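Enquirer: This is what each chain is made of:
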Amino acid sequence: AQKITQTQPGMFVQEKEAVTLDCTYDTSDPSYGLFWYKQPSSGEMIFLIYQGSYDQQNATEGRYSLNFQKARKSANLVISASQLGDSAMYFCAMREGEYGGGNKLTFGTGTQLKVEL
Amino acid sequence: GAVVSQHPSRVICKSGTSVKIECRSLDFQATTMFWYRQFPKKSLMLMATSNEGSKATYEQGVEKDKFLINHASLTLSTLTVTSAHPEDSSFYICSARSDYNEQFFGPGTRLTVL
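Line by line, the protein sequences give chains C and X.
Just so we're aligned, residue 1 is where the first sequence starts under the working numbering, counting upward by one.
Just so we're aligned, residue 118 is where the second sequence starts under the working numbering, counting upward by one.
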C-alpha cells in the first residue's frame with residue numbers, strides 16, 4: 001500500500017484565492033511526522049510546514065496551514081491568498097517514528113499547482 | 118535556515134565514466150545525510166542513508182556498487198555514480214539532518230549521461 005497518497009496530479013487556482021492540496025497517509029506507527037515541501041521548476045526542495053502526530057493543534061506557517069485529521073489519516077495543505085509565485089510542485093512526506101528509520105522521509109507523488117491571474 | 122549545497126549543479130558525462138556529486142552542510146554538522154533520485158515529473162525516491170564514519174544503508178533495489186556513497190566528515194557526503202549509463206540520467210538531491218531532527222535539502226544535481 002502507498003504510504004503517502006496525493007490524488008491530485010494538477011491543480012489550478014486563481015490569484016488571491018485559497019487552495020487545498022490533499023494528502024493521505026498510511027502508517028501503524030503511533031509516532032510520525034508529516035511534512036509539506038514546495039519544489040519550483042529550479043528543483044530545490046523548500047520546506048513549508050510540519051505536523052507531528054502528537055501535536056494537538058494544526059500547524060500554521062504564514063499563508064500555509066495544515067488541516068490534520070488524524071482519524072482520517074489526512075494532512076491537507078491549505079494555501080491562503082495564492083500568489084503567482086506559489087506555482088510549483090508540492091510534495092507531502094512522512095517520517096515514521098520519532099527517530100525511526102534514521103529519520104528518512106517517504107514522499108507522495110506530488111501535486112503541480114498553477115496559480116492563474 | 119540551514120544551508121546545504123550540492124556540487125556540481127549540472128553535469129553531462131559520457132557513458133561509461135564515473136561522476137561524483139558532493140553534498141555539504143554549510144553551517145551545521147550532519148551525522149546523517151540522505152540521497153534521493155527524482156525522475157522528471159515524479160516523486161523523490163530515497164536511494165540511501167549516509168552515516169558519518171560508517172557504511173551507507175541502501176534502499177531495496179539500489180545497487181551499492183553502482184552508487185558509491187562516502188560520508189567522510191560531518192559536513193560532507195559524496196555520491197559517485199560509477200560507469201554511468203543513459204538510464205542513470207536523473208536529478209539527484211541530497212538532504213542533511215541536523216541535531217534537532219530537521220532535514221534540509223540541497224539544490225539538486227542534474228546528471229545527463231550521453
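What the hints contain is simulated information worked out from the structure, not anything from laboratory work.
These numbers come from a predicted model, not from an experiment.
Every residue, glycine too, gets a C-beta built ideally from N, C-alpha and C.
Do not take every clue at face value.
Unchecked claim - For lysine-lysine, the following PhoX-like pairs were computed, each having C-alpha atoms within a straight-line distance of at most 20 Å:
1) K3/C - K159/X
2) K3/C - K70/C
3) K114/C - K159/X
4) K114/C - K158/X
5) K16/C - K114/C
6) K114/C - K3/C
7) K137/X - K183/X
8) K172/X - K131/X
9) K183/X - K172/X
Stated by the list, open to error - In silico contact screen, one side only, chain X against chain C (beta carbon under 8 Å); selected entries:
10) Q146
11) F156
12) T166
13) L191
14) S206
15) R214
16) Y217
17) N218
18) Q220
19) P224
Enquirer: Each hint: holds or not?
Expert: How the hints compare with the structure:
| no. | hint | verdict |
| --- | --- | --- |
| 1 | K3/C - K159/X | 16 Å, holds |
| 2 | K3/C - K70/C | 15 Å, holds |
| 3 | K114/C - K159/X | 17 Å, holds |
| 4 | K114/C - K158/X | 14 Å, holds |
| 5 | K16/C - K114/C | 12 Å, holds |
| 6 | K114/C - K3/C | 25 Å, violated |
| 7 | K137/X - K183/X | 12 Å, holds |
| 8 | K172/X - K131/X | 28 Å, violated |
| 9 | K183/X - K172/X | 15 Å, holds |
| 10 | Q146 | 15 Å, violated |
| 11 | F156 | 11 Å, violated |
| 12 | T166 | 5 Å, holds |
| 13 | L191 | 16 Å, violated |
| 14 | S206 | 14 Å, violated |
| 15 | R214 | 5 Å, holds |
| 16 | Y217 | 11 Å, violated |
| 17 | N218 | 6 Å, holds |
| 18 | Q220 | 7 Å, holds |
| 19 | P224 | 4 Å, holds |
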